[in-house]
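Peer 1: Here is how the chains run, residue by residue.
4 protein chains.
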Amino acid sequence: MSIAKMISAHPDVAGNLNEPLALAVRHAMFCAAICTSCADACLAEKMVEQLRQCIRSCLDCADVCDATFRLATRRAGNNEVLLEEMLQVCITACDICAEECERHAGMHEHCRICAQMCRECARDCRAAYETFH
Amino acid sequence: MSIAKMISAHPDVAGNLNEPLALAVRHAMFCAAICTSCADACLAEKMVEQLRQCIRSCLDCADVCDATFRLATRRAGNNEVLLEEMLQVCITACDICAEECERHAGMHEHCRICAQMCRECARDCRAAYETFH
Amino acid sequence: MSIAKMISAHPDVAGNLNEPLALAVRHAMFCAAICTSCADACLAEKMVEQLRQCIRSCLDCADVCDATFRLATRRAGNNEVLLEEMLQVCITACDICAEECERHAGMHEHCRICAQMCRECARDCRAAYETFH
Amino acid sequence: MSIAKMISAHPDVAGNLNEPLALAVRHAMFCAAICTSCADACLAEKMVEQLRQCIRSCLDCADVCDATFRLATRRAGNNEVLLEEMLQVCITACDICAEECERHAGMHEHCRICAQMCRECARDCRAAYETFH
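For the record, the sequence lines run as chains S, D, E and Y. The first sequence begins at 17 in the numbering used here and counts up one residue at a time. The second sequence begins at 17 in the numbering used here and counts up one residue at a time. The third sequence begins at 17 in the numbering used here and counts up one residue at a time. The fourth sequence begins at 17 in the numbering used here and counts up one residue at a time.
These aren't lab readings, by the way, just hints derived from the structure by calculation. Careful: at least some of the hints might be erroneous.
A few chain S residues that face chain D, going by a derived Cβ cut-off under 8 Å, partial list only [what the hints assert, rightly or not]:
hint	residue
1	Q69
2	G93
3	T108
Distance windows between CB atoms, simulated [to be verified]:
hint	chain 1	residue 1	chain 2	residue 2	range
4	Y	K62	E	E96	25 to 31 Å
5	D	R139	Y	V97	39 to 45 Å
6	D	E96	S	E65	17 to 23 Å
7	E	E35	S	Q132	48 to 54 Å
8	Y	D28	E	S18	42 to 48 Å
9	E	N32	S	K62	54 to 60 Å
10	D	F148	S	E65	26 to 32 Å
11	S	R142	D	Q66	34 to 40 Å
12	Y	A30	S	Q132	16 to 22 Å
13	D	A121	E	G31	14 to 20 Å
14	S	V97	E	S18	28 to 34 Å
To list a few chain E residues with every Cβ distance to chain D over 10 Å, as calculated [claimed, not checked]:
hint	residue
15	V97
16	E118
17	G122
This structure is a prediction, so every number in the text was calculated from the model and none was measured. Ideal Cβ positions, reconstructed from N, Cα and C, are used throughout, including at glycine.
With the rest of the complex left out, here is chain S (with noise of 0.2 Å):
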């Protein structure tokens, strides 16, 4: 279950791995779906109407997420412009998603957990979006 070990394997790859946006990938894919399990779990809690805006961002956070590892993964033919859009964006949803849920981190583990997934996936995209500069 290795995604580096597998983006490794592509022909256009060929053992000469971009190892941060591999690892951004990993993250990326790993965010989508913690923000997916924050949403549904914050839809559980008793005070869910003051989780609406929480589930907002974690809804967003995992689409935004979803979209950035998928045409991260992909390494046939080019998309530097797009994918290096895409990482800025995916930057922004994390950022936003991580700060909300840091608000409520104290009274739920969810979204602290959440939280620290979105801070870490940020990072790593920032890291991979140098690779490029």
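Put chains D, E and Y on the given structure of chain S with help from the hints.
Peer 2: Just chains D, E and Y now, kept in the frame of chain S:
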């Protein structure tokens, strides 16, 4: 099956619909579907090895359009900052995909339709973006 | 923006379109969008704590419809066994979501529209399924 | 980045985790990513015209795994009937994709990894399915 009618029924919209945004939602949804179909049609062409970049661009564009129409559909809470960035990436994805598909439009009807769809989607995302400025 | 016209342009379809399947693709695509919108509209309602199951059903139905329309769009190679099973799950998802949304259709216009969309999508998936038998 | 830990933090789970289901979620998530990568790697191979069915199976399997892991992640409200059907479709998708990838596993390392991932995912979905019976 009217997306605009559906979003109008949202409690936070209450009839006060952003029409250009609703049109962008509708066309990003269609563009995701058309690009998914074009990638698959290209894969079935005899000259598939000359359509690698086209398949790649179509798959990327489908993913970006998918994320865009989902984000742009949601009206609960707030996500304007993220939505604006996402619309911009969608414009980039559609322009890139349209340019690539236009190169094969003379030979492949699916590429001709896909290029046209991408141009429409890009135009509508630009119009939606402008409603925030 | 005609899905049927697009799939007709596929080299392996060559004008010999499975019309009920193309209609199921179109409506599964719309149903994914309408369910995404209904989940978000429910989230914004004052009585959100009474709409948890509805939001859950809409999100699940959106995911299932999304996978269904993507699979049913592809005509390269073969996947009939998988497609038939997927159509069946889509019927189940749409029936469950319709039943839940119908419970709130009197109070919420978005639930009324969503229930109607789900019933149409289930009906079209049944018709598409029958073309394989 | 522990999916199991995240789902355990859900208010309706409250530490009472369905471990086989959490493992199925994790592996369906990974399988979606690996299949997305394998489709793209196949597309870049010189012998792409011999890998059409493999690309098709990988894209279908990625879509099904994606829907499965999202549905199986959600614990708010109830969706057991739908989840069981979805797990069955995921088993079918993974078995079909594994069988196809195994045909190319001797030549393409990415197909070997993908086949192995699909077999693991199918096995875990079966184990998760059995927890409901």
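Peer 1: Confirm or reject each hint.
Peer 2: How the hints compare with the structure:
| no. | hint | in the structure |
| --- | --- | --- |
| 1 | Q69 | holds, 4 Å |
| 2 | G93 | holds, 4 Å |
| 3 | T108 | holds, 5 Å |
| 4 | Y:K62 - E:E96: 25 to 31 Å | holds, 29 Å |
| 5 | D:R139 - Y:V97: 39 to 45 Å | holds, 43 Å |
| 6 | D:E96 - S:E65: 17 to 23 Å | holds, 22 Å |
| 7 | E:E35 - S:Q132: 48 to 54 Å | holds, 50 Å |
| 8 | Y:D28 - E:S18: 42 to 48 Å | holds, 43 Å |
| 9 | E:N32 - S:K62: 54 to 60 Å | holds, 56 Å |
| 10 | D:F148 - S:E65: 26 to 32 Å | holds, 27 Å |
| 11 | S:R142 - D:Q66: 34 to 40 Å | holds, 36 Å |
| 12 | Y:A30 - S:Q132: 16 to 22 Å | holds, 21 Å |
| 13 | D:A121 - E:G31: 14 to 20 Å | holds, 19 Å |
| 14 | S:V97 - E:S18: 28 to 34 Å | holds, 30 Å |
| 15 | V97 | holds, 18 Å |
| 16 | E118 | holds, 15 Å |
| 17 | G122 | holds, 13 Å |
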